[in-house]
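Visitor: Let's have the full structure, built from the sequences with the hints guiding it.
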Amino acid sequence: MRTWRLYLRSPAAVLGALLVSVVAAMGLLAPFLYPDDPLGLAGRPLQWPGDNPRFPLGTDPSGRDIAAQIFHGARVSLLIGFAATLIAAAIGIAVGALAGFYGGAGDTALMRVTEAFQTLPNFLLLLLLVAVFGSDLRTITVGIGLVSWPPVARLTRAEFLTLRTREFVQAARLQGLGDAHLILREVLPNALPPVLVYASVVMAVSILLESALSFLQLSDPNVPSWGNLIGLGRNVLRTEWYVSAIPGVAILLTILGVSLVGQGLNDALNPRLAGGR
Amino acid sequence: MRVLSLALRRLAASVPTLLLILAGLFLLLQLAPGDTVDALMAQMGGGDAALAEELRRFYGLDLPVMARLGDYLWRLVRLDLGFSSIYGKPVATVILERLPATLLLMTASLSFAFAAGMALGVLAARRVNRWPDTLISTLGLVFYATPSFWFGLMAIVVFSVHLQWLPAGGFGDVAMGYTGLEAALDIAKHLVLPTLTLGLIFLAIYLRIMRASMLEVLSLDFVRTARAKGLTETRVVARHVLRNAMLPMVTLMGLQAGTMLGGSVVVESVFALPGLGRLAYESVAQRDLNTLLGIVFVSALLVIAVNFVVDLLYARLDPRILSGR
Amino acid sequence: MPADAEGAAPAAALAVEALTVALPPGADRPFALREGSLRLARGEILCVVGESGSGKSVMAMAVMRLLAPGLRVESGRVLLAGADLLALPEEEMRRVRGRRVAMVFQEPMTALNPLMTVGAQLAETWRTHTDLSAAEIRARSLEALREVALPDPEGALRAYPHELSGGQRQRAMIATALALEPEVLICDEPTTALDVTTQAQVLSLIRGLQRRRGTAVLFITHDFGVVAEIADRVAVMHRGELVEEGPVSRVLTAPAHDYTRRLLAAVPPLRAPPSRRPDAAGEAVLEVRGLTKTYSAAGLFRRRRATRALDGVSVTLKRGATLGVVGESGSGKSTLARCVVGLLAPDGGEIRIAGAPLPRARAEAAKLVQMVFQDPYASLNPRRRAGEQVAQGPVAAGAPRVEAMERARGLFELVGLDPAAVSRFPHEFSGGQRQRIGIARALAMRPRVLVADEPVSALDVSVQAQVLELLRGLRARFGLSTLFITHDLRVAAQVCDEVAVMRDGAVVEAGPVAEVFATPRHAYTRALLAAVPGREALGLGEGPSAPAAPPAGAPTAGE
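Chains as they are written, first to last, in my numbering: chain V, 1 to 277; chain H, 278 to 602; chain W, 603 to 1161.
Simulated from the structure, these hints should not be mistaken for lab results.
Computed from a prediction, not measured in an experiment: that's the story for all the values here.
Where hints are given, some of them may not hold.
What the hints assert, rightly or not - A partial selection of chain V residues facing chain W, derived with a Cβ cut-off under 7 Å:
id	residue
1	T165
2	R166
3	E167
4	A171
5	L174
6	Q175
7	P189
8	P193
Beta carbons are placed, not taken as given, at the ideal position from N, Cα and C, and that holds for glycine.
Guide: Here it is, written out as structure tokens:
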């Protein structure tokens, strides 16, 4: 397809896709490469990377294999990022579409709720959810999705507001087509590209939120997580700084990949803006 | 005057939002398994049911939900945030003690991110698709992808542990007994790394927005008009492009005030700053929901205040706002 | 000073010599402008005419050396009083802009900085090129605004662009351009975005100032009416090439190039063809009685005055006839159209189609009235196939899909498109073709009344003529009853049987088009007719009282 060709023209976008694929492959291969529990004791604690060929990335303060945790962590990060993004996109698109298409009192009410969510610092709200509902993986994923939907709703609403007055939507209305058709067939396909691009931002933020939560040791302690490992490394930061450094690089590259994919999608979906500028 | 009345009307419009937040939060807390008394009892090492009952009556936890919500809202109106059983002080007092550090950190980070983001964005846009642009845009992407807490830790390793230029944490050396200017300098020194850490992601966002916005404004008709009048390129940018290009940035600043407050939780934890964010973390860890709720309330107020300022700023920048476009 | 270099020939204020501007690779043709040569003498107005994409604006921007990124001068010279502008260093060229060559742009909405006062933007010209004091600049600014006949120059200095009307903004632009008495003024479609009466005022302003100061004006336009009003000489452009140049009287009456002839033929005459006599006894298919509509967007944060868009409008459309609704922007004609099709709910009055009020149910209403929209680019969903968009209405009304698609193919053929094109996406069609799809879409519902809202105003004049021809043909074949909204009196004269003239939400005059245009009774109708550019000089229309003379030299081929 045209979009796909345009996407592949940009080296940055290809690099992004590559990074994301590598992380995804790490997550997929983790159970095969490191079949043992990544949170189990593997060897002597605090071995520097390269000291022991068994542990190419060294061991953490509890003697667990860092490489194993990185591979298993990739799985968790991507899974949480993806699931939370889906939740946020579903809520955001539904709220934004209804508010933007119908306007009026319903719009006002929905936007008040959206504003309320945006007025609350999202990380604080996430902390509150964790404090109330506990910190297992599912709660955290749903929680991240719940605090991330407002920008999606605003964006979708803005698109719907401009698109619903477009002449082709009015024409379909005059042809006697129902609201469901107007929303799903006429407006939504045209509103979706910017929302899709924004989904990459939501995904990046979701991964960051999860890693921040686990960095504070407030995430699910039974799941290997990059943020968790960084937090554990704090106690030995002055000497064995690699414990914190390595998982941080993993997070950085993952988010970089996701952002580059988003940017590539943006350029490919708006060919007008790509090219020269 | 019209600017003020517009902003005041905006402010009034955020009252229902605030009420919605508070009602939502309160009801959310009702879903929490266990309450303050449970936490208190656990801390005391257990107790009998009669004592728990008495404590619940003391804290008003035995009333129906709606009555307690009404009671809660009424107390908030009087700025009574309740009592923190963990800290043994009124929540308002605890929060007030922690507020200055957070305000200082936020102001510093926001100023840093805004100024640097704008400068870099302008620079990139004026050299679009040449090496300075490529460099700045790449840096922006990397900064955006860097988790702040990790950047903070690495900065500590480099600047505090190895180079020993800056302190690794805290809000000032109390032991040194500095006063006046010395104390201010000491605090400033302690704030350098936290400011950079918290501001980094916003710097990345602002520079990206500023670059895109500059490029868009540069393609508008009135810029062509200005060039056709024979203005120098510098003057075109300074007088015509900059102010127009700043509008989306200002909007974003308001939208992201909350995100920044959220970010301060992590950054204050990393640098052991006695701020609101760290307090939030502590109260989650200790299940002090009263304090947590107070923090969320104060944060919402802060966000509304920032948006009030942003509205004023925007109305000053864009005359169309006042005449209703 | 360069006069001494010249001999008998008068010095050209501006000369473009064999100018070639390359388009970026991948464009539909290699050059935006190819070997273009022009001479603009002192004190003359030279009009460059052409349709969109002809390269006329590119030439103007090349003279200013402000070409859009991607465009580049390949070869040629631009001589300002004998000196080649293309050879100047950028800093010297900058000093030419605004001081010796000034420019007025098309869009008065966007050509001024929305965040700066008009006064500040006007003052910039002096501040850039002179050492005048602030007080001196202020005095001159006032003088300049007075000269372009802006009411309340003091207030205009302090005003922001959005506080002025389109015409006022354009006057401010002209004042800015003429501030330093430039030798050459380039006007790029300066009146295209304006209403016809405002356009007439601005044109006479430019003409007057140019006469008084002896400025040489390069005037870019697509409108032969404007050419007839203002030009001394004309140059015609077609796909990047200058095809014809000459004095205005000769080019308009005896065009030498075939393309010029076709362009002129496409300009509709302002006089209704005499053959069309509306059947006075015809049965009314659409009756609008006492319609009112007030917009009151009194939001919490924006206070806006309530505007009365429709103020007791009554019109009647007879079966098989075309009723034109003409008026300037803000007259309420589009609001009327939107109320008739049910996109807007009127505040008062009634609309009856085929004797009954428009039913609430969308599917029922769809069979009674359909609409053709103005913007061919916005009126089709870019992400769905053209045929689907035509067929979806009948499908919603219960027709089997296969049958509906078959009908869509038939309709495509009817409106002059390839039936196989039903499976294409809108971006594969040109503007005129899209408008044909829009017509097919409306016809697919077999409506009793067709409402056409400025259906040709976004099209180039030659395409416009074809679409109008199509509409005429369809009416003749199917007896369509059409409510035709337009701002263009020439178009109205061509397609309408009756006409209603609207102003400020009210119908000021209505009747058979031939009568209204020949003997307008209302002063506003007369003003509107008088403002139509090129009414007399073009030889294509006639004054209200002049006898109908066959248009001299107007070609008949291609009609």
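Visitor: For each hint, tell me whether it holds in the structure or not.
Guide: Quick rundown of the hints versus the structure:
1. T165: violated, 10 Å
2. R166: holds, 5 Å
3. E167: holds, 4 Å
4. A171: holds, 6 Å
5. L174: holds, 6 Å
6. Q175: Interface hint status for Q175 of chain V: holds (3 Å vs cutoff 7 Å).
7. P189: Nearest chain W Cβ about 5 Å off; hint holds.
8. P193: Where the cut-off is 7 Å and the nearest Cβ of chain W is about 10 Å from P193 of chain V, the hint is violated.
When the structure is compared with the earlier hints, violations turn up for hints 1, 8 and for no others.
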